[in-house]
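The task is simple: from the sequences and hints, build the whole structure.
Its first residue numbered 0, the sequence shown is counted upward by one per residue in numbering that gives the first Met the number 0.
If you anchor each label on the Cβ, the simulated ranges turn out as follows: (1) R47 / E136: 25 to 31 angstroms; (2) S139 / R92: 21 to 27 angstroms; (3) Y70 / E106: 18 to 24 angstroms; (4) I34 / A114: 25 to 31 angstroms.
Restricting the straight-line Cα-Cα distance to at most 30 angstroms, the calculated cross-link-like pairs of lysine-lysine (BS3-like) are: (5) K62 / K32; (6) K125 / K25; (7) K82 / K25; (8) K25 / K133.
Since the hints were derived computationally from the structure, they do not count as laboratory data. Beta carbons are placed, not taken as given, at the ideal position from N, Cα and C, and that holds for glycine.
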Amino acid sequence: MVAIQPAGRRPPKGKRAKPGLDGSGKIVLALPKGIIDPGERAEQTAVREVREETGVQAELIGKLGDVKYVYMRSWGDRARVFKVVSYFLLRYRSGRLGNLPPETRHEVARTLWIALDEAPQRLTYKGDREMAQKALERLSAPGLGSAE
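This is the structure in structure tokens:
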């Protein structure tokens, strides 16, 4: 499974952000994700974001599920935001991990491969961990093997 260390989070007041760390100094490991561009389908966004944030070309296998949550904006009007993040299972096709386009290098501090069976413990965000577990279960199901 490919994971990214985002370039930085907004740190608490009086502290400096460091690449790939949250405001408390913990390393952040996350799955690639992003906003759907106008005219794009969610599946296309998943493939594009993996390419932009990791340098890897991948093809869609299928949808894993959605994670829904609410958060409070930490900027501007501090509004409550309802968010749905769709996760997809992809298959590596080509590319070199870390070979990022110039326009996305500021978003990612580091890219790395992690073993799928370790991902549910290593990823930072609960939704990412849940979807890594779903991917593991899906790929372990009889007849699926390595999703070939």
